[in-house]
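Sequence order for the protein chains is A and B. For the record, in the first sequence the residue sitting at position 178 is 178 according to UniProt numbering, with numbers rising by one throughout. For the record, in the second sequence the residue sitting at position 307 is 307 according to UniProt numbering, with numbers rising by one throughout.
Everything labelled a hint here was simulated from the structure, so no lab data went into it. None of the values given here were measured: they were computed from a predicted structure. Glycine included, every Cβ here is placed at the ideal spot set by N, Cα and C. Some hints could be false.
Unchecked claim - With a straight-line Cα cutoff of 25 Å, these simulated SDA-like cross-link-like pairs (lysine to any residue) come out:
#, chain 1, residue 1, chain 2, residue 2
1, B, Lys28, A, Gln7
2, A, Lys335, B, Asp76
3, A, Lys244, B, Gln2
4, A, Lys244, B, Ser13
5, B, Lys167, A, Asp110
6, B, Lys166, A, Arg43
7, A, Lys208, B, Gln9
8, B, Lys335, A, Asp110
9, A, Lys244, B, Gln9
10, A, Lys166, B, Arg111
11, B, Lys244, A, Ser13
12, B, Lys335, A, Phe42
13, B, Lys335, A, Arg102
14, B, Lys167, A, Asp105
15, B, Lys20, A, Val3
16, A, Lys335, B, His107
17, A, Lys167, B, Asp110
18, A, Lys244, B, Leu254
19, A, Lys20, A, Ala75
To be verified - Derived list of chain A stretches under chain B, where covered just means 3 residues or more per stretch with a C-beta under 8 Å from a C-beta of chain B:
#, segment
20, 35-43
21, 238-245
Protein chains: 2
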Amino acid sequence: MQVLQQQFQVPFSYQVIFTKHLFDSSNKTLCDFISNFGQSNFRKRILFVIDKGVADAHPSLTTSIIDYFESNAIADLAPEILVLPGGEVCKNDPRFYEEVVRAIDEHRIDRHSFVAAIGGGAFLDMSGYAAAISHRGVKLIRIPTTVLSQNDSGVGVKNGVNYLGKKNFLGTFAPAVAVFNDVAFLATLEDRDWRSGIAEAIKVALIKDLAFFEWLEANVEAMNSRDEAAMVEQIYRCADLHMKHISGGDPFELGSARPLDFGHWAAHKLEYLTDFKIRHGEAVAIGIALDCVYSHLIGAISLADCERILAVIKGLGFDLYHPALAENDCQNLHKGLQEFQEHLGGHLTITLLKALGKGEEVHEMDFPTIQASVALLAKHA
Amino acid sequence: MQVLQQQFQVPFSYQVIFTKHLFDSSNKTLCDFISNFGQSNFRKRILFVIDKGVADAHPSLTTSIIDYFESNAIADLAPEILVLPGGEVCKNDPRFYEEVVRAIDEHRIDRHSFVAAIGGGAFLDMSGYAAAISHRGVKLIRIPTTVLSQNDSGVGVKNGVNYLGKKNFLGTFAPAVAVFNDVAFLATLEDRDWRSGIAEAIKVALIKDLAFFEWLEANVEAMNSRDEAAMVEQIYRCADLHMKHISGGDPFELGSARPLDFGHWAAHKLEYLTDFKIRHGEAVAIGIALDCVYSHLIGAISLADCERILAVIKGLGFDLYHPALAENDCQNLHKGLQEFQEHLGGHLTITLLKALGKGEEVHEMDFPTIQASVALLAKHA
Ligand SMILES: NC(=O)c1ccc[n+]([C@@H]2O[C@H](COP(=O)([O-])OP(=O)(O)OC[C@H]3O[C@@H](n4cnc5c(N)ncnc54)[C@H](O)[C@@H]3O)[C@@H](O)[C@H]2O)c1
Ligand SMILES: NC(=O)c1ccc[n+]([C@@H]2O[C@H](COP(=O)([O-])OP(=O)(O)OC[C@H]3O[C@@H](n4cnc5c(N)ncnc54)[C@H](O)[C@@H]3O)[C@@H](O)[C@H]2O)c1
Ligand SMILES: [Zn+2]
Ligand SMILES: [Zn+2]
Numbered sequence: 001m002q003v004l005q006q007q008f009q010v011p012f013s014y015q016v017i018f019t020k021h022l023f024d025s026s027n028k029t030l031c032d033f034i035s036n037f038g039q040s041n042f043r044k045r046i047l048f049v050i051d052k053g054v055a056d057a058h059p060s061l062t063t064s065i066i067d068y069f070e071s072n073a074i075a076d077l078a079p080e081i082l083v084l085p086g087g088e089v090c091k092n093d094p095r096f097y098e099e100v101v102r103a104i105d106e107h108r109i110d111r112h113s114f115v116a117a118i119g120g121g122a123f124l125d126m127s128g129y130a131a132a133i134s135h136r137g138v139k140l141i142r143i144p145t146t147v148l149s150q151n152d153s154g155v156g157v158k159n160g161v162n163y164l165g166k167k168n169f170l171g172t173f174a175p176a177v178a179v180f181n182d183v184a185f186l187a188t189l190e191d192r193d194w195r196s197g198i199a200e201a202i203k204v205a206l207i208k209d210l211a212f213f214e215w216l217e218a219n220v221e222a223m224n225s226r227d228e229a230a231m232v233e234q235i236y237r238c239a240d241l242h243m244k245h246i247s248g249g250d251p252f253e254l255g256s257a258r259p260l261d262f263g264h265w266a267a268h269k270l271e272y273l274t275d276f277k278i279r280h281g282e283a284v285a286i287g288i289a290l291d292c293v294y295s296h297l298i299g300a301i302s303l304a305d306c307e308r309i310l311a312v313i314k315g316l317g318f319d320l321y322h323p324a325l326a327e328n329d330c331q332n333l334h335k336g337l338q339e340f341q342e343h344l345g346g347h348l349t350i351t352l353l354k355a356l357g358k359g360e361e362v363h364e365m366d367f368p369t370i371q372a373s374v375a376l377l378a379k380h381a
Numbered sequence: 001m002q003v004l005q006q007q008f009q010v011p012f013s014y015q016v017i018f019t020k021h022l023f024d025s026s027n028k029t030l031c032d033f034i035s036n037f038g039q040s041n042f043r044k045r046i047l048f049v050i051d052k053g054v055a056d057a058h059p060s061l062t063t064s065i066i067d068y069f070e071s072n073a074i075a076d077l078a079p080e081i082l083v084l085p086g087g088e089v090c091k092n093d094p095r096f097y098e099e100v101v102r103a104i105d106e107h108r109i110d111r112h113s114f115v116a117a118i119g120g121g122a123f124l125d126m127s128g129y130a131a132a133i134s135h136r137g138v139k140l141i142r143i144p145t146t147v148l149s150q151n152d153s154g155v156g157v158k159n160g161v162n163y164l165g166k167k168n169f170l171g172t173f174a175p176a177v178a179v180f181n182d183v184a185f186l187a188t189l190e191d192r193d194w195r196s197g198i199a200e201a202i203k204v205a206l207i208k209d210l211a212f213f214e215w216l217e218a219n220v221e222a223m224n225s226r227d228e229a230a231m232v233e234q235i236y237r238c239a240d241l242h243m244k245h246i247s248g249g250d251p252f253e254l255g256s257a258r259p260l261d262f263g264h265w266a267a268h269k270l271e272y273l274t275d276f277k278i279r280h281g282e283a284v285a286i287g288i289a290l291d292c293v294y295s296h297l298i299g300a301i302s303l304a305d306c307e308r309i310l311a312v313i314k315g316l317g318f319d320l321y322h323p324a325l326a327e328n329d330c331q332n333l334h335k336g337l338q339e340f341q342e343h344l345g346g347h348l349t350i351t352l353l354k355a356l357g358k359g360e361e362v363h364e365m366d367f368p369t370i371q372a373s374v375a376l377l378a379k380h381a
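Excised from the complex, chain A in its bound form:
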């Protein structure tokens, strides 16, 4: 038997650049990136696609972009700036990603050219998918505009759309060539969206970084009063932990390495049970609360630590409980655990806490203890 062995590594690198007012004519961040990217003898084109929620909240955005590229001749700006709905709706209907693909073709964006996507996590997932499958991947610049997309989804390597009624059924792993976190966008977020993304910071702090958890604890008030500097620090630290997890592990999840999904098994189920009426971060906050109480009930963390965690979550304005958790004697929730196991290829792995700032993987969860955890949380309702 003859065999040919193939083996190679594909290197990826990108920066997440923190800035403010990216399209101010005096802001050279984007300009410098594009000018220095790739080889100078390739012609560069750039197509902008924008989340309608952002465009509506920032009415002068498209004009600023046009002006920016007029005063900085760094790339040919496509004459069309595509504005499409943001939020989950843009991932549910294939017409939206097809519309981005259509524009990529029409404006001759090739593998040396850019799609720059401005929007929340859902919009970046959708437009990133369109960019990844066109010409086997045109260069993607991400400009996330929500807390969650700046501290988590936008700095990672995934994209996706929903299909056949399943979340993220279609998608790829495709790192952006650059991410620009512009804090000015966050000012127009609804309170719920401002808060929601902070759940991912609590998640990653609890399993990886006690000092960050303590920082969050000390900054509850600042977050609640929408302090910009505090928010930037939170995003920076949270994004950093997420990025290190990706590069230190199995970025494209080819083996059995797993994403940072503490608190997420229950959160995913809760999103479905509530028909996605609660935000992802709101569901994650409840999922974290549940897994912390569970960790306490099995003796892994103390009552005092558990209460400290719940106080931070609650202090930030999150609910700790949702009635859907208890429905049907918690059987619906339990089904979520089975689905999670199924999703992992039949072998369950759940992250719990063994201390503040220290996660621990387990391979089973006890149903009566889950029920007891839900009952305890219900008292916080």
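With chain A held as given, fit chain B with the ligands onto it using these hints.
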């Protein structure tokens, strides 16, 4: 300005395994691969999708697959074996890849499970695309059944379908987890398909490997008489050169590294000009002839070398010329050169020959010399 730097490498490895009668119950090749793949605590499922041209030519194929998985309990065989049209038609109509995605969902093929695709290059491109975008990539096993797919497309890292009237507009880079080259499939190929793929061997031999070119020269007769051992050796050497090119370069074409496309600029145009009536390999054979004559006319290779090349191409039964080359005073062909440049991001790079077995990149081609090359080839029509 704060910046987070992300940097990682994603490792890929797979084997191309040469075998015969892959689904004979006594053939343990596939069985061993699946048993040893990944972690044993994950449940493995496998879905087969088959090119109808292959299924028709090998009527007992599906039964053999079912029997194979019955006698070897290595994975859960999906109860449905999908047979879909092969050839370019399966890349032209999105219904076909959507059908593969539907089956992946229905048979719960997850990231730990396999899609095994059996077929020609077009079918593997289509089904590989479906596998790559489902769940951000389920594991793909490729079982190529044409010469071209065994020596070139099937051992590489690309997939794709046609969209908006453009070839391979949608696609990704997604290496298979294994490739099984089963020579028994080749027996049922039409002569045109048996021959066509050999053009890729001539291509890669001419630019990289004089000894291989000389081997091809010595084996024209064996190829023409459909000698199986000669074909296997040709495929092995050709696949090896392609795979080394990929791993030694820029596998996902993230920078400006380029695929092995000697002879391909004219070939691509010829496929369009003839409405894809001539096979890819047939077009490549003519494209190689053209670039060899051109290389000779600009003094890069001798007349004797040029004639040696043309003799091999012709000896294998390929045409050296097609009237579409000369149409419109070669303006149509010339447009193909401009489109190729456009496709490369505005910066033209063409491989020509500087010796037998040695390619050389140039960044311009002289139109009158192209016309003269076409005129010379016309004499061979
Ligand atoms: N790719 C990943 O790794 C990953 C990880 C986690 C979550 N996600 C996905 O992210 C999505 C959730 O993202 P999200 O939390 O950013 O919410 P979102 O994208 O759903 O946006 C919420 C709403 O805010 C609007 N909006 C966005 N930016 C705004 C701004 N600056 N001002 C005013 N309105 C604005 C949007 O139009 C939308 O209506 C989900 O689809 C989830 O699956 C992806
Ligand atoms: N992914 C890549 O890197 C890459 C590289 C080169 C070419 N390609 C693609 O490959 C395609 C061409 O592939 P091809 O040359 O293998 O032809 P093909 O896939 O178009 O197949 C030709 C015909 O042969 C039939 N067939 C396949 N195997 C058979 C067998 N064993 N017996 C009888 N009939 C059989 C098919 O049903 C089809 O009708 C093109 O779409 C081209 O774009 C892809
Ligand atoms: Zn999350
Ligand atoms: Zn080719």
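Exercise for review: Take the C-alpha atoms of B:Lys167 and A:Asp110, compute the straight-line distance between them, and say whether it is at most 25 Å.
Suggested key: holds (14 Å)
**Study point:** Straight-line alpha-carbon gap A:Lys244 to B:Ser13, limit 25 Å
**Key:** Roughly 24 Å separates the two Cα atoms, so the pair holds.
Check your understanding: Does A:Gln7 lie within 25 Å of B:Lys28 when you go C-alpha to C-alpha?
Key -> Given that 25 Å is the threshold and the Cα spacing comes to 23 Å, the pair holds.
**Study point:** Holds or violated: A:Lys244 to B:Gln9, with C-alpha atoms at most 25 Å apart
**Key:** holds (13 Å)
**Study point:** Straight-line alpha-carbon gap A:Lys335 to B:His107, limit 25 Å
**Key:** holds (19 Å)
Check your understanding: Under the criterion that the straight-line Cα-Cα distance not exceed 25 Å, is the pair A:Lys244, B:Leu254 satisfied?
Key -> Given that 25 Å is the threshold and the Cα spacing comes to 22 Å, the pair holds.
Check your understanding: Is the Cα-Cα distance between A:Lys335 and B:Asp76 25 Å or less?
Key -> Satisfied, since the Cα-Cα distance of roughly 23 Å is no more than 25 Å.
Review point. Would the pair B:Lys167 and A:Asp105 pass a check requiring their Cα atoms to be no farther apart than 25 Å?
Key: holds (12 Å)
Exercise for review: Could you grab the alpha-carbon distance between A:Lys244 and B:Gln2 and see if it respects the 25 Å cut-off?
Suggested key: With a Cα-Cα distance of about 16 Å, the restraint between A:Lys244 and B:Gln2 holds, given a limit of 25 Å.
Point to revise | Restraint check for B:Lys335 with A:Arg102, where alpha carbons must lie at most 25 Å apart | key: Holds. B:Lys335 to A:Arg102 sits at ~24 Å (cutoff 25 Å).
Review point. Under the criterion that the straight-line Cα-Cα distance not exceed 25 Å, is the pair B:Lys166, A:Arg43 satisfied?
Key: holds (21 Å)
Review point. Can the restraint linking A:Lys20 and A:Ala75 be considered satisfied, given a maximum Cα separation of 25 Å?
Key: At roughly 21 Å apart (the allowed maximum being 25 Å), A:Ala75 and A:Lys20 satisfy the hint.
No hint from the list above goes unmet by this structure.
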